[in-house]
Structures are given as C-alpha cells and as structure tokens.
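Q: As a plain string of letters, each chain reads:
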Amino acid sequence: MTWRVLVHNDAINSFATVAYALVRVLSMPVEHAAAAARQAYESGVAEIGAYTEREPAEAITARLQAFGLNASIEVAA
Amino acid sequence: MTGDIELFVDEETVYLKLSEQARQTLREAVGWLLHYVGPWPEGQKFLERLRYPGQRMSMLARMFPQAYPYGPTAAEFHQRFGELLRFNLVSAAQRLLASLDGPGPVRCDLDAVDEWVMVLGQTRLVYGPRERPAVEVAAWLTRVQQELVLAVQPELATWSFPTTGTTSATP
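One line per chain: the protein sequences are A and B, in this order. Position one of the first sequence corresponds to residue 1 (our numbering), numbered consecutively onward. Position one of the second sequence corresponds to residue 1 (our numbering), numbered consecutively onward.
Looking at chain A on its own, in the form it has when it is part of the complex:
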C-alpha cells in the first residue's frame, strides 16, 4: 500500500505560506516547494510525498496541518 500526502488549495493560506511550510516540514528546496504550492493552487491539490508506511505519512501530514495547511492522506492499494 502507498500513503500519499496531499496538500489542498484553500482560501486561507497565501501561496508563500504554503511553500514556506513545505520547506520547513520536508526540507524541500524552495523551487520545488513553490512548484507544489502552485500546483495546489492551479489544480486544487498537490501530492507532496508518497510513503510505503503509514506512520511517516501521518507524521508529516500532522506537521503540515500544524502550519494550517489543509493536508490529507490518500491510501492507494
């Protein structure tokens, strides 16, 4: 199984704040974080990671939620 961590577009967080959270939580390069934030904005959702175990996916999701991001997990068989 795969646990996909998703960040959804919302009407609350600024583009920069979403990218900042991705940089801080995932140590993502700024350009990757900005691209993911843009994808969330343009398509409504961006996958920011896929994990073969549930625990790391949930821990990252919780940290993103702490930044106020609308983060969720999609489980794929």
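These aren't lab readings, by the way, just hints derived from the structure by calculation. Using N, Cα and C, we set each Cβ at its ideal position, and we do this for glycine too. Any given hint could be a false lead.
[Unchecked claim] Take a look, some chain B residues computed to stay more than 10 Å from chain A by CB distance:
1) G3
2) A22
3) G31
4) W32
5) L34
6) Y36
7) A67
8) A75
9) L100
10) D101
11) V106
12) D109
13) A112
14) G121
15) R124
[As the list claims (entries may be wrong)] To be clear about the criterion: a stretch of chain A counts as covered by chain B if any three or more of its residues have a C-beta under 8 Å from a C-beta of chain B, and this derived list gives those stretches:
16) 5–16
17) 60–66
[To be verified] Here are the in silico distance ranges between beta carbons for each label pair:
18) R27(B) / R54(A): 37 to 45 Å
19) R27(B) / R4(A): 23 to 31 Å
20) V135(B) / T52(A): 41 to 49 Å
21) Q39(A) / P65(B): 12 to 20 Å
Given the coordinates of chain A, work out where chain B should sit on it, guided by the hints.
A: Just chain B, lined up with the frame of chain A:
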C-alpha cells in the same frame, strides 16, 4: 487599524519591532484563539469538541482538518495527533503572547518564526467573514505572517505568486 510592525533580519534571527497598537492587536487576537482552543476542563478529550456549537465546530474542523475522508483511520489519526496538535498550538500561542511583554523588539529564531507563522495562521480562522473590523484584523494577521515568511525565505518573493484565491484573509 491594527498597528505597525517592522522586521529586521540578522543571520538566523528575526526581530519584530511592534507598535503598542500592534502588540495589543496580537494580544487580543491570540487571546481569542486561546479562548477557543485553550486548556479545556479536566477530562475533556479532543473529540468532545464535537459538542461545541456549529460555528465553533466549523472553525475547529478547519484548524484540525480530517486527514482521511472517513472511517476508522480518520478517528485513529485524531486520536494520535488531534490533542497533540491542539496542545502544541496552545503552547506556541502562549509563548507568542509572553514574548510581547518584554521590552524592545521581539526576537525570533527559526523555530520561533515557525510558531508565529502557525499561530498567526490559525488565529486568522477565529475571524470569520463577519463585520469589517474582524476582516481587517484577519487581513493584518495575513500581512504579518507573509512578511515573516518572506523575511526567512526571501527567495519566495522572487516567484510569481497568484494574487487571488489563496490570499483571501477570511475562511
């Protein structure tokens, strides 16, 4: 409305020079956040927030969104992280308030900046789309949060960010 704020960056420290009005706005706004998510009566658990009235329930649902659409995994996530997220938010909010009481600029290392970004973002949710003063406070919180983010990650300012949609101040 809401007060002046200036940011100075020195290596890995951000200094926030706040007017008294800005300090008062933050005290009041973060105070409201703590009113809603602060320490609860002993024995009350996170899931018991569902007993709250609709408006508060909606706000808390946005602050602590479902990680899974439904089912036992959603409940398990809340059991595992719900109380921790709330506790960490309350702790960060209390530290932010305490930092406002000292003389001179507020000094933030990177972790403290993270806490400010988190607290400002969640505090914004307290202000729904109601009367104009509340909207102005929410917009001001958004501006302060944005300036903090760009102070730490100035590279983000070089990207072409959308100016609508994700920049609304109200939930």
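Q: Please list, smallest to largest, the hint numbers that this structure does not respect.
A: Per hint list: 7, 14, 15 and 19 violated.
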